[in-house]
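Engineer: Each chain, letter by letter, is given below.
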Amino acid sequence: MKTPRVIFITGTSRGLGLGLAEHFLAQGDIVAGCSRAPATLTHERYSHCSLDVSDEPAVVAAVRAAVRQHGHIDALINNAGIATMNHALLSTAAAAQQIFATNFHGTFLFCREVAKTMVRRKSGRIVNFATVATPLRLEGESLYAASKAAVESFTQVLARELGPAGVTVNAVGPTPVPTDLVKNVPRAKMDALLARQAIQRFGTISDVINVVEFFLAPQSEFITGQVIYLGGVSG
Amino acid sequence: MTTPTKGKTETVRRLILATLPEATGDNPPIFGAGAPLDSLGLVNFLADLEYRLTEELGREIVLASDRAMSQGRSPFRDVASLTDYIVELLAE
Numbered sequence: 008m009k010t011p012r013v014i015f016i017t018g019t020s021r022g023l024g025l026g027l028a029e030h031f032l033a034q035g036d037i038v039a040g041c042s043r044a045p046a047t048l049t050h051e052r053y054s055h056c057s058l059d060v061s062d063e064p065a066v067v068a069a070v071r072a073a074v075r076q077h078g079h080i081d082a083l084i085n086n087a088g089i090a091t092m093n094h095a096l097l098s099t100a101a102a103a104q105q106i107f108a109t110n111f112h113g114t115f116l117f118c119r120e121v122a123k124t125m126v127r128r129k130s131g132r133i134v135n136f137a138t139v140a141t142p143l144r145l146e147g148e149s150l151y152a153a154s155k156a157a158v159e160s161f162t163q164v165l166a167r168e169l170g171p172a173g174v175t176v177n178a179v180g181p182t183p184v185p186t187d188l189v190k191n192v193p194r195a196k197m198d199a200l201l202a203r204q205a206i207q208r209f210g211t212i213s214d215v216i217n218v219v220e221f222f223l224a225p226q227s228e229f230i231t232g233q234v235i236y237l238g239g240v241s242g
Numbered sequence: 169m170t171t172p173t174k175g176k177t178e179t180v181r182r183l184i185l186a187t188l189p190e191a192t193g194d195n196p197p198i199f200g201a202g203a204p205l206d207s208l209g210l211v212n213f214l215a216d217l218e219y220r221l222t223e224e225l226g227r228e229i230v231l232a233s234d235r236a237m238s239q240g241r242s243p244f245r246d247v248a249s250l251t252d253y254i255v256e257l258l259a260e
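From first to last, the protein sequence lines stand for chains B and D.
Using this note's numbering, read the first sequence as starting at 8 and increasing by one per residue.
Using this note's numbering, read the second sequence as starting at 169 and increasing by one per residue.
Looking at chain B on its own, in the form it has when it is part of the complex:
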C-alpha cells in the first residue's frame, strides 16, 4: 500500500481545484485546501481554510496549520486564479491589482511558505498554474496573460533557487477547460482560441491532472523549471 501524500491545493471550492482535490482523495492522499468560499467538499482526509490567497498572515497561518496537522507537505498545487476578459484600454487599475493579487501574489506567498517547510525536509514538489493565453498572446486577456507570465518567470527562477534543496517547481498551462473561469467568454472568441491549438478541443480536468501527476511522480525528480502547455500550444 502506498504512503498517502500530503497535498496542499489552492482554490478547491470549484472547477479545476475541486477536481484535483477529488482526484487526490480518490488516490488515498491527504488534501489541505483553501478558497475564499467555504468548503464544497467533505471528506475524512480533506481539511479546508477559507482565505484570500493574497492575504499574507492568512496564508502563513494556513500553511503552518497544515504542517502542524500533517507533519509536512509533499506537494503544493497553486491552482487558485481569476480571469478577466477585456480590452487593455477598457481595463481598470482595480482589475489589474486584483488579478495580480490573486494570480501572482497568491502563488508567490504559498510558494514561499510551503517551500520553507520543504527545504527543511530537502524534498517537495510545487506545481503552479500558467495558461496558454500567455504564449498565444490572446487579445482581450492582457491582464490575465501578464499575471500568468509573471507566474511562469517566478516558477523558472524559483526552480533554480530551490533545486539545491531537493524541491522541484514546475507549471502546467491549461487550454480553456469548461469551468466557471471561462463561462462568460463569448463562444466565437472561444472557438477562435481553440483554432490556434494543435489539438482543437476544450481541455478536461483529466488532461490537467495528468500533467500534475507527472510533475509529482517520484521519477520526475530531475524535472524542474518547466512549463507544459496543453493542446499542442508552444511557449
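Keep in mind the hints are simulated off the structure, nothing from the lab.
A virtual CB, placed ideally from N, CA and C, is assigned to each residue, including glycine.
Do not rely on the hints blindly, as some may be mistaken.
[Claimed, not checked] Interface residues of chain D toward chain B, partial, derived using beta-carbon atoms under 8 Å:
| hint | residue |
| --- | --- |
| 1 | 206 |
| 2 | 208 |
| 3 | 212 |
| 4 | 216 |
| 5 | 218 |
| 6 | 219 |
| 7 | 222 |
| 8 | 225 |
[Stated by the list, open to error] Derived CB-CB ranges, DEER-like:
| hint | chain 1 | residue 1 | chain 2 | residue 2 | range |
| --- | --- | --- | --- | --- | --- |
| 9 | B | 63 | D | 175 | 27 to 35 Å |
| 10 | D | 233 | B | 104 | 40 to 48 Å |
| 11 | B | 65 | D | 223 | 54 to 62 Å |
[Said to hold, decoys possible] Sample of chain D residues facing chain B (criterion: CB under 10 Å; computed from the structure):
| hint | residue |
| --- | --- |
| 12 | 202 |
| 13 | 205 |
| 14 | 207 |
| 15 | 214 |
| 16 | 223 |
| 17 | 224 |
| 18 | 230 |
| 19 | 232 |
| 20 | 257 |
Add chain D to chain B, keeping to what the hints say.
Structural biologist: For chain D alone, kept in the frame of chain B given last:
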C-alpha cells in the same frame, strides 16, 4: 526576578543558538562577511527558526519582512541583532 521581556529575550536567543549550526562565542555571526551561512544556508536557518518560534511561542511570524530587508544594518548579521529584531516583532 526575570522580567517577561528578559525571559522572552532569553528564549529567543536560545532558539536562535539551537537553530544555528556551529555557533561559538557570545555573539556568533550569522550572515555576511566571515559568517557561517551562505544564502541557501540563511534560507534554511530562517525557515527552521520560524518553525521553532511557532512551536515554542505559538506565534506565526515571518522573519524576512520588508522591515528586515530595508534596515541599513541587517538584523540577520549576528545572534544579538536577530534576537533584538525578533523580540521587537513579537512585541507588535
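Engineer: Hint by hint, note whether the structure agrees.
Structural biologist: Tested hints:
Violation of the interface hint for residue 206 of chain D is found here, the shortest Cβ-Cβ separation to chain B being roughly 10 Å, above the 8 Å cut-off. At about 6 Å, the closest approach between the beta carbon of residue 208 of chain D and any beta carbon in chain B falls short of 8 Å, and the interface hint on this residue holds. Interface hint status for residue 212 of chain D: upheld, as the beta-carbon distance to the closest one in chain B is roughly 6 Å, under 8 Å. The beta carbon of residue 216 of chain D is positioned within 8 Å of a beta carbon in chain B (closest approach about 6 Å), and the interface hint is therefore held.
The interface hint given for residue 218 of chain D holds, since its Cβ lies 7 Å from the closest Cβ of chain B, which is under the 8 Å cut-off. A hinted interface residue such as residue 219 of chain D counts as satisfied when its beta carbon comes closer than 8 Å to some beta carbon of chain B; here the least separation is about 7 Å, so the hint holds. Taken as an interface hint, residue 222 of chain D checks out: its beta carbon lies about 6 Å from the nearest beta carbon of chain B, inside 8 Å. About 13 Å separates the beta-carbon of residue 225 of chain D from the nearest beta-carbon of chain B, more than 8 Å, and the hint is not met.
The beta-carbon spacing between residue 63 of chain B and residue 175 of chain D, approximately 29 Å, falls within the hinted interval of 27 to 35 Å. Look at residue 233 of chain D against residue 104 of chain B: about 21 Å separates their beta carbons, and that is not inside 40 to 48 Å. Checked against the hint of 54 to 62 Å, the pair residue 65 of chain B and residue 223 of chain D fails, with Cβ atoms roughly 20 Å apart. Contact between residue 202 of chain D and chain B, as hinted, is not supported at the beta carbon level, the nearest pair being about 23 Å apart and thus beyond 10 Å.
Because the closest C-beta pair between residue 205 of chain D and chain B is about 13 Å apart, greater than 10 Å, the hint is violated. Nearest Cβ of chain B to the Cβ of residue 207 of chain D: about 9 Å, under the 10 Å cut. The hint holds. Look at residue 214 of chain D: its Cβ gets to within about 8 Å of chain B, closer than 10 Å, so that hint holds up. Because the beta carbon of residue 223 of chain D sits about 9 Å from the nearest beta carbon in chain B, less than 10 Å, this interface hint is met.
Interface restraint check: residue 224 of chain D against chain B, minimum CB-CB distance 13 Å, threshold 10 Å, status violated. At a threshold of 10 Å, the smallest CB-CB gap from residue 230 of chain D to chain B is about 6 Å, leaving the interface hint in force. With its C-beta approaching chain B no nearer than about 8 Å, residue 232 of chain D sits inside the 10 Å limit, and its interface hint holds. Annotation: residue 257 of chain D was flagged as interfacial toward chain B, and the flag is violated, the nearest CB pair being 13 Å apart, outside 10 Å.
Hint check: violations occur at hints 1, 8, 10, 11, 12, 13, 17 and 20; the rest are consistent with the structure.
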